[in-house]
Amino acid sequence: EIHIKEPIEKEVNPHLLPGELLLCEASTVYKYIQEDGSNRGTYGKLVCTNFKISFLDDDSASDDNEPQFKNKIVGENDITLQCVDQIYGVYDEKKKLLTGQLRKYPEKLIIYCKDLRVFNFCLRYTKEEEVKRIVSGIVHHSQTPKLLKRLFLFSYASAAPKNTDGRNQTVMFETLEDWRDELERTKGNVKYKAVTTNEGYRVSEKLPLYFVVPICISEESILKYEGRGIPIWCWSCHNGAALLKMSSFPKEQDDSTSQMQKAFLDGIYKTISKPPYELLKMDDLSSSLPSLQDIQTAYTRFKQLFLIDNSTDFWATDVKWFSLLESTNWLEIIRRVLKKAIEVAECLEIQHTNVLLIEESATDLCCVISSLVQVMMDSYSRTKSGFQSLIQKEWVIGGHGFLDRCNHLHKSEKEEAPVFLLLLNCVWQLVQQYPPAFEFTETYLTVLSDSLYVPIFSTFFFNSQHQRDTNKSGESLKTQGGPFRFLTVWDWSVQFDPKAQAFLNNPLYAEKPKPDKSQRKTARFKHQRQLSLPLTQAKPSTKRGFFREETDHLIKNILGKRIGKFINSSDEPPNSLREFYDSWHSKPVDYHGLLLPRIDGPEIKVWAQRYLRWIPEAQLHGGGTIATAAKILDLMEEVQSLQVKMDEEHSQAASGDVHSVPMLRNSARLSSLFPFALLQRQSVKPALPTSTWKDLEDEDDLVKRDDEFVDLSGDML
549 EIHIKEPIEK
559 EVNPHLLPGE
569 LLLCEASTVY
579 KYIQEDGSNR
589 GTYGKLVCTN
599 FKISFLDDDS
609 ASDDNEPQFK
619 NKIVGENDIT
629 LQCVDQIYGV
639 YDEKKKLLTG
649 QLRKYPEKLI
659 IYCKDLRVFN
669 FCLRYTKEEE
679 VKRIVSGIVH
689 HSQTPKLLKR
699 LFLFSYASAA
709 PKNTDGRNQT
719 VMFETLEDWR
729 DELERTKGNV
739 KYKAVTTNEG
749 YRVSEKLPLY
759 FVVPICISEE
769 SILKYEGRGI
779 PIWCWSCHNG
789 AALLKMSSFP
799 KEQDDSTSQM
809 QKAFLDGIYK
819 TISKPPYELL
829 KMDDLSSSLP
839 SLQDIQTAYT
849 RFKQLFLIDN
859 STDFWATDVK
869 WFSLLESTNW
879 LEIIRRVLKK
889 AIEVAECLEI
899 QHTNVLLIEE
909 SATDLCCVIS
919 SLVQVMMDSY
929 SRTKSGFQSL
939 IQKEWVIGGH
949 GFLDRCNHLH
959 KSEKEEAPVF
969 LLLLNCVWQL
979 VQQYPPAFEF
989 TETYLTVLSD
999 SLYVPIFSTF
1009 FFNSQHQRDT
1019 NKSGESLKTQ
1029 GGPFRFLTVW
1039 DWSVQFDPKA
1049 QAFLNNPLYA
1059 EKPKPDKSQR
1069 KTARFKHQRQ
1079 LSLPLTQAKP
1089 STKRGFFREE
1099 TDHLIKNILG
1109 KRIGKFINSS
1119 DEPPNSLREF
1129 YDSWHSKPVD
1139 YHGLLLPRID
1149 GPEIKVWAQR
1159 YLRWIPEAQL
1169 HGGGTIATAA
1179 KILDLMEEVQ
1189 SLQVKMDEEH
1199 SQAASGDVHS
1209 VPMLRNSARL
1219 SSLFPFALLQ
1229 RQSVKPALPT
1239 STWKDLEDED
1249 DLVKRDDEFV
1259 DLSGDML
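In this note's numbering, the protein residues as written are 549 to 1265.
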């Protein structure tokens, strides 16, 4: 049975942003709903602009049933060109990757997105000429290399109205004053100074205009090797120990050059390392952490687990979920990065030692570790504005190559690596382990990861401050108003109205330390082990299913070799770090003090909201963290309305300072896919005879079971 809506008769036009141009379109395109093979879907128009690919059906014309968490820029059937990961065409039931010029046009189009959505479009009922135009248009505009100035970012900046820039108290670190304020905030101004040496980018185009170095570093030293070999300040601990980063010299040099550079470095180290008063520990991240290529390979494997075409594919991967998850190595990379951050925190907090992070450019893994350490050690970085200021300082102004690492221009896949996503995954581990310590929610982190691919904000679309500044002038385009005025992603009102923004704020954020309640709270956190790799044998399940066998097998293989990796790979003696880790976890949590992530065994989890939000089979009806959040927001609204009534009775009516929160009645009806996807159908879980499992697994012991069927209900979530 095929359920379809009739082709739309009325004309539906796409909603275009300022500077957005319609490039090509095709009518009578059939969009499949990701279902169980029933081919259900809806007819509509598929369009491609210089900003996005969009599917328009008759629902697009009405404002009924609008989701409460609506993005004002990117709708549920919109895909920005930068968000397109891969495009496949289906020819005679065979999938083929589409790139470049096409000789033959497919009957079906499958678009895989970087935010893990999957779109299936049937083109059988579309006119041949329209198929050619739309398919070649989509492939060309989303997959072929382009010039920086061809990004929609510039079209939008030149056409959009010059509205006010709401930065929500985020420190942008574009001025000398911002750096001096940060030094004062962290009490680092005794030993460190903000310098103007790079004004006009005369030292290096890779360095920001202003940065902070130890007081004893001279301007000549900074200029000598274009900023290489110079310790750049990131943050100061309360005890005076500082976190620094440095870009290393190229390894392949002739002997005389190497000798000169070594002598230069020795001189620099002597000025900042003065035992026993000033100790310095150097950590070369390129040797102690996975390479960018390893990170990219792991993430590419990992995301394949969630790019699900249909129900059959989901259950096929669900059978070997733990094995597939383990083989990607993604969770292990997250564990190693968190462990490295704990090592650095131990040096700063316990040993009172300055830590110098070294990397070739100091703009990739240095950004990850320095940001994580600050989130763990500085409660200001766990507020919304503090976290945003941290991203500005370490990543945007710090010179992380977003353009290359996200491959926004499709210039070179060799440079691509999900470094910023790795940071967000690590921060999410802390957010889900210690929710009251963060002013923002996991929904905030998910939306931030989506914003990587929205080219109306300049935040994630340049490689350096220099590149952004030099491309700000509007000379190449017909602009009358002088330089471009780029938007910053931190102005959340551009994407969400106040009701939706409420989901980004944690209603249970512990604004003031409450030591008497901390101990009780920490004991309540539970772990969803199915989203993490198992460490020890859990209690036997009442249901007998395949996952018990999978877990047993995994424990036998992993227990001996994986768990030992926590400490033994460190250059430091393992005892001091392990003692620091165990000692901290044995005490009550101070949500405004040091936070150490739990990294043993199944504590490292899959970021369920980001990776499972588009998969109906993985939803929890009436469950998940969002159901809890919805109830809390309801109660907050009720309390606020009562407060207003009380104020009115006392003739002290509120003057509009009351922040509105979304009204979410019947939160039990919400699913764990909310707020990104609406409530989906109940998933049909297959119950297959054990003989089928034998064919799939070739496991003799499965056949000897008493049960006739293997029940998969509840295995994934």
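By construction, these hints were calculated from the structure, which means they are not laboratory data.
A virtual CB, placed ideally from N, CA and C, is assigned to each residue, including glycine.
There's no promise every hint is true.
Said to hold, decoys possible - Keeping only pairs whose Cα atoms sit at most 27 Å apart, straight-line, the calculated BS3-like set for lysine-lysine is:
#, residue 1, residue 2
1, LYS620, LYS642
2, LYS739, LYS829
3, LYS644, LYS959
4, LYS652, LYS710
5, LYS829, LYS887
6, LYS620, LYS1153
7, LYS642, LYS579
8, LYS1179, LYS1135
9, LYS1020, LYS697
10, LYS851, LYS962
11, LYS642, LYS851
12, LYS818, LYS772
13, LYS697, LYS579
14, LYS799, LYS694
15, LYS710, LYS697
16, LYS643, LYS579
17, LYS1153, LYS1193
18, LYS644, LYS962
19, LYS680, LYS959
20, LYS643, LYS851
21, LYS680, LYS642
22, LYS652, LYS697
23, LYS644, LYS710
24, LYS887, LYS697
25, LYS710, LYS579
26, LYS656, LYS579
27, LYS741, LYS818
28, LYS697, LYS772
Claimed, not checked - Computed Cβ-Cβ distance ranges for the label pairs, DEER-style:
#, residue 1, residue 2, range
29, LEU1183, LYS1020, 43 to 53 Å
30, GLU732, ALA811, 29 to 39 Å
31, LYS643, LEU724, 52 to 62 Å
32, LYS1193, GLY788, 43 to 53 Å
33, LEU1190, GLY748, 57 to 67 Å
34, SER1124, SER1189, 28 to 38 Å
Results for each hint:
1. Restraint check for LYS620 and LYS642: the C-alpha separation of about 37 Å exceeds 27 Å, so the hint is violated.
2. With a C-alpha separation of about 17 Å, the suggested pairing of LYS739 with LYS829 holds against the 27 Å cut-off.
3. Pair hint LYS644 plus LYS959 holds up; C-alpha atoms about 22 Å apart against a cutoff of 27 Å.
4. Among the hinted pairs, LYS652 with LYS710 is inconsistent with the structure: their alpha-carbon atoms are about 45 Å apart, more than 27 Å.
5. Between LYS829 and LYS887, the direct Cα distance comes to roughly 16 Å. Compliance with the 27 Å bound is thereby established for this hinted pair.
6. Between the alpha carbons of LYS620 and LYS1153 the distance comes to roughly 31 Å, so the proposed pair goes past 27 Å and is violated.
7. Our distance criterion of 27 Å between C-alpha atoms is met by LYS642 and LYS579, whose separation comes to about 18 Å.
8. At roughly 31 Å between alpha-carbon atoms, LYS1179 and LYS1135 are farther apart than 27 Å, so this suggested pair is violated.
9. Under the criterion of a C-alpha separation no larger than 27 Å, the hint pairing LYS1020 with LYS697 is consistent with the structure, at around 10 Å.
10. Among the hinted pairs, LYS851 with LYS962 is consistent with the structure: their alpha-carbon atoms are about 18 Å apart, no more than 27 Å.
11. For the proposed pair LYS642 and LYS851, the alpha carbon gap of about 22 Å is at most 27 Å, so the pair holds.
12. Note on LYS818 and LYS772: the hinted pairing holds, with a Cα-Cα distance of about 17 Å set against a maximum of 27 Å.
13. Using a Cα cut-off of 27 Å, the hinted pair LYS697 and LYS579 is violated, with the two alpha carbons roughly 33 Å apart.
14. For a cut-off of 27 Å, the pair hint linking LYS799 to LYS694 is broken: about 32 Å separates their Cα positions.
15. Proximity of LYS710 to LYS697 is assessed by CA-CA distance (about 20 Å); at most 27 Å being required, the pair is judged to hold.
16. Annotation: proposed proximity of LYS643 to LYS579 holds, straight-line Cα distance about 17 Å (limit 27 Å).
17. Straight-line distance between C-alpha atoms of LYS1153 and LYS1193 comes to about 44 Å, which puts the hinted pair past the 27 Å bound.
18. Proposed proximity of LYS644 and LYS962 is supported: the alpha carbons are some 22 Å apart, at most 27 Å.
19. For a cut-off of 27 Å, the pair hint linking LYS680 to LYS959 stands: about 25 Å separates their Cα positions.
20. Under the criterion of a C-alpha separation no larger than 27 Å, the hint pairing LYS643 with LYS851 is consistent with the structure, at around 19 Å.
21. Restraint check for LYS680 and LYS642: the C-alpha separation of about 19 Å stays at or below 27 Å, so the hint holds.
22. For the given pair, LYS652 sits about 31 Å from LYS697 by alpha-carbon distance, which is inconsistent with the 27 Å threshold.
23. At most 27 Å may separate the alpha-carbon atoms for a hinted pair to count; LYS644 and LYS710 exceed this at roughly 44 Å.
24. The suggested pairing of LYS887 with LYS697 is violated, with an alpha-carbon distance near 40 Å, which exceeds 27 Å.
25. The suggested pairing of LYS710 with LYS579 is violated, with an alpha-carbon distance near 37 Å, which exceeds 27 Å.
26. The hinted pair formed by LYS656 and LYS579 meets the criterion: a straight-line CA distance of about 10 Å does not exceed 27 Å.
27. At most 27 Å may separate the alpha-carbon atoms for a hinted pair to count; LYS741 and LYS818 meet this at roughly 18 Å.
28. For the given pair, LYS697 sits about 33 Å from LYS772 by alpha-carbon distance, which is inconsistent with the 27 Å threshold.
29. Here the CB-CB span from LEU1183 to LYS1020 is close to 46 Å, well matched to the stated 43 to 53 Å.
30. Our hint of 29 to 39 Å for GLU732 and ALA811 holds, since their Cβ atoms are close to 35 Å apart.
31. For the pair LYS643 and LEU724, the beta carbons lie near 55 Å from each other, so the given range of 52 to 62 Å is met.
32. Checked against the given bound of 43 to 53 Å, the beta carbons of LYS1193 and GLY788, roughly 51 Å apart, stay inside it.
33. Taking 57 to 67 Å as the suggested C-beta distance range, the pair LEU1190 and GLY748 conforms, at roughly 58 Å.
34. Look at SER1124 against SER1189: about 54 Å separates their beta carbons, and that is not inside 28 to 38 Å.
Violated hints, listed in ascending order, are 1, 4, 6, 8, 13, 14, 17, 22, 23, 24, 25, 28 and 34; each of the other numbered hints is respected by the structure.
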